[in-house]
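Residue numbers (numbering that gives the first Met the number 0), protein chains in the order written: chain A, 0 to 200; chain B, 0 to 200; chain C, 0 to 200.
One thing to keep in mind: the hints can contain errors.
Mimicking DSS-like on lysine-lysine, the simulated pairs with C-alpha atoms at most 25 Å apart in a straight line are [unchecked claim]:
| hint | chain 1 | residue 1 | chain 2 | residue 2 |
| --- | --- | --- | --- | --- |
| 1 | B | Lys25 | B | Lys191 |
| 2 | A | Lys25 | B | Lys191 |
| 3 | C | Lys86 | A | Lys191 |
| 4 | C | Lys25 | C | Lys86 |
| 5 | C | Lys191 | A | Lys191 |
| 6 | B | Lys24 | C | Lys25 |
| 7 | A | Lys25 | A | Lys79 |
| 8 | B | Lys25 | C | Lys191 |
| 9 | B | Lys25 | A | Lys24 |
Because the hints were derived from the structure by calculation, they are not lab data.
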Amino acid sequence: MFYLVIDILGTIAFAISGVLVAMEKKLDLFGVLIIAFVTAIGGGTLRDFLIGNTPVGWMTTPVYLITITATVIATILFVKQLRYFRKSLFLFDTIGIGLYTMVGVEKGLIAGLSPVMCIILGTITASFGGVIRDILCNEIPVLFRREVYATICILGGVIYFVLIQFPLDPTYAYVTAIVSIILMRLLAVRFKISLPNIYRD
Amino acid sequence: MFYLVIDILGTIAFAISGVLVAMEKKLDLFGVLIIAFVTAIGGGTLRDFLIGNTPVGWMTTPVYLITITATVIATILFVKQLRYFRKSLFLFDTIGIGLYTMVGVEKGLIAGLSPVMCIILGTITASFGGVIRDILCNEIPVLFRREVYATICILGGVIYFVLIQFPLDPTYAYVTAIVSIILMRLLAVRFKISLPNIYRD
Amino acid sequence: MFYLVIDILGTIAFAISGVLVAMEKKLDLFGVLIIAFVTAIGGGTLRDFLIGNTPVGWMTTPVYLITITATVIATILFVKQLRYFRKSLFLFDTIGIGLYTMVGVEKGLIAGLSPVMCIILGTITASFGGVIRDILCNEIPVLFRREVYATICILGGVIYFVLIQFPLDPTYAYVTAIVSIILMRLLAVRFKISLPNIYRD
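Next comes chain A alone, as it looks inside the complex (with noise of 0.2 Å):
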């Protein structure tokens, strides 16, 4: 239940983040739904696939179709309030990464993977919707810029694996895992932390 959950939430704010990016692009009703779609779905099926899970889980549960059907309806109609688009895409693509993080964990440890394997795997859960995102969208992926991305939900996945080392609840890891990623992630960009050169200029 607890798990359903964080899946649904960062459902919800992957499908706002499609929205978000297709609706800059001036795409059609149908082609906002299909960005907000993959963007929210891309992710949970390439880990999927990677792991044999299949049918995959959205296609067997409806929960998902129907979360981001609504949550695209939604923003259209609030799209208003969210003013300051770039700064709003940003805060629910975050939300979504520290999300997805660990619901990919989650599903690692469940297919018996070593935790480095999850912390991949959650890795890839969080960032290749918005990758698939950003390429149909014609936009070069968020994960290539400067930031430090994806290297922010690895860490986040060792917060987890060296919490879950102490006797307490796992649930407690698993979501101070989630809120580090994301904190993390806005702490960066505000303070423009980047990873170290690798040219000399």
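Place chains B and C on chain A using the hints.
Relative to the frame of chain A, chains B and C by itself:
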């Protein structure tokens, strides 16, 4: 047998549309073959991934490969007869979409999916090959241009599920849905029907 | 053991080619790592999806991940020694293609596919990583430039299936096919051999 024939006809239609796009881009012989191949099997491959039907269909039955190769050769030889490039492309793309939508719906039913998911699976089957074709050829995917494209696949799927409620041979429902999709798309383009505008320009 | 060594060598060659393309695009450290990773495992991942071999190979065996990370670090440190960028890229790409084509053929045989499908699977294994690398780095895929690229993978596969008809150790056929692919590609580029023109300019 009937379903295989529909599948092969869709393969031929999409292979032709792939050759036409690739030749307009002046790709070499192998490039044309690859684009034709990807256009014809792209949608079905993603469909098989989504429902976990592996090895994917075209790898275990040689008929698709033979069909595509023969279609490519024939199309290259007779391309002069298809004088109006854009128009031919649109026609074969439309026929392919009509046929593949219902092939996807059928496979969804076999995989035990709900009608809504079958329709989505059909739409993905029909549209993904063309999207990859356009991305590889560096065109904006037809799917995202202002047409009621995918909406029509969904309508076709709805028509099918309404018709099979009646005490008829399901083959009639199947063929009626295919013909409806093709006609609706031709009419939509002829009369420039499009989705309601969600922007206040 | 022998097949694993070939697979690792292909992984190293493709990881280097990924680093070279990514560094030419001035991506940051993580971007370089991702491109190297995607180039090295992209083809094998699609191959595993197609034959339903999940969880995919690199998720269950840590050796690929370790190999790629070590290769990326070494390549970044010694990139100055690889002075002629374009030439080095071409060489490592070619070696990777030779090795991965036969890795794919081998996996196809294990999956019980026909020789023709094994050759196609090998070609996909060899070429897909490079195609993703080029798409992500916003280059026109090498595969679609006027080279006899994929044709050579197919020829290499044919050489393999011809040779194993003879009463030899299959390892000889395997190695001969790899060397043939590498040599044919080098010769094709050196002597500017290309496919017959299908256009009357």
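Which numbered conditions among the earlier hints are violated in the structure presented, ordered from lowest to highest? Of the numbered hints, 1, 3, 5, 6, 9 do not hold.
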